[in-house]
Amino acid sequence: MTLVTTPAIVLSALRYGETSKIVRLATRELGVQSAIAKGALRPRSRFGAALQLLSDGVAQLLTKEHRELHVLTAFDITRVPVGLAADVGRYAAASALAEVMLRFAPADPHAASYDLLRDALGLLEVTPPAALDQIALRTLWRLVSVLGFAPALESCARDGQPLPPDGALPFNTREGGALCAACAARHGASSLPPDARADLTALLDPAGELPLLDQRHAASHRRLLSRYIRFHLGEGAELPALEFWLRRPWTVA
Amino acid sequence: MSAIEELITELARLPGIGRKTAQRLTFHLLQQPAEQVGRLAAALTGVSERVRACTECGNLTEEQPCAICRDPRRDPAVLCVVEEPSAVSVVDRATEFRGRYHVLGGRLSPLDGVGPESLRIAPLLERVDRGGVREVILATNPSMEGEVTATYIQQLLAGRGLRVTRLARGLPVGGDLEYVDGVTLQHALSARQEIG
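Going down the list, the protein sequences come from chains S and C. Counting in the working numbering, the first sequence runs from 1308 upward without gaps. Counting in the working numbering, the second sequence runs from 42 upward without gaps.
It is worth saying that the hints were derived from the structure and are not from the lab. Watch out, some of these pointers could steer you wrong.
Below 27 Å or equal to it, Euclidean Cα-Cα: the simulated DSSO-like pairs (lysine-lysine) are [what the hints assert, rightly or not]: (1) K1345/S with K61/C; (2) K1345/S with K1371/S; (3) K1371/S with K61/C.
Take the sequences, apply the hints, and build the full model.
Set out below in structure tokens:
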């Protein structure tokens, strides 16, 4: 057994038995891991309120090679993103990020995805309401990219041919991004209009200015991202948090 | 599938019961007198057949509406909103609350596919819109999902001329500061009260 201390974010927490919890953690040193927090539900548990969804802290894990469930011996909380709970839209975006991480991040060290998730949750908490949609789109696209599935926009996703620097592009979700004219003719594609292309390029660029998206365009981008995640990462799995973020049921009532 | 295997499989579906425990329970039941096992089976069937959600508040009951909703001594102007029926008995047993309840049947949880349409939020709004409700106490759990659910309901109730309150969070009675985590302590500090 090895004791590993690592920054971690709680992605899910399930009751286990009368007093314990099983948590899924996005860790910086070990990737996404499951662990049992024994006694976490006892009134005087050393975990206290630490194992709340999306809490950020430092986890101590007793790990053993080839074991799927580790033992969480401590979780020193550094931040509970309470701001996310104050707005269902923020929480929905955060849940979609957590779901992508939970389902698709590796169970091996992957610091880039952990860092991105941590920063994204912090950003979603403080983003002004008017920019929330764009920040949610950017952080989700960035997470998809960091996990190795960035859509191709500068060269053809099939044959690598450079694409014209501006104008509309043939886009094929299945092929992983934009296509050159020849590949689009063979494999089919829908047109990504020039403004949508510019917006998507800006969303994928963490240092770029956020695009201005009206409700209709934001909805189109959400649908595109959702389709892309479902095809490249989903493999038929249900993604309820992504669906929730896409449908926005909290805006209906 | 054999009868033994069938029972193990069904017991293992229960929360907190793994396959080993299910096996132990099955073999324990097999060693009991037939009438005792029969009473257990009848109790299970009885619960399944007779217990329903109260049409008014969503609490579990054998009569419609439930005893709490029928009780004329309870104040119908104060509604305590809880996540699950189990919370009704906890609050009712442990406090002097004499209002009525509304059970949501869960909490908003996108990761579990639970959205507003899966909860009894529309019936809550109907109850409020029928009039006579003065205060809604949001007693969802102090977890991230419970907080989001409370926020969402509070937004829906805003502008309806009600007092909407949330259960306080803080130090447990009989607790020890040394064992309290920073998050709880921060809540307790923010919600401190003047004494004397």
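Hints and how they fare:
1. Between K1345/S and K61/C the CA atoms are separated by roughly 19 Å; this keeps the pair inside 27 Å, and the hint holds.
2. Pair hint K1345/S plus K1371/S holds up; C-alpha atoms about 17 Å apart against a cutoff of 27 Å.
3. Restraint check for K1371/S and K61/C: the C-alpha separation of about 23 Å stays at or below 27 Å, so the hint holds.
In the structure shown, no violation is registered for any of the earlier numbered hints.
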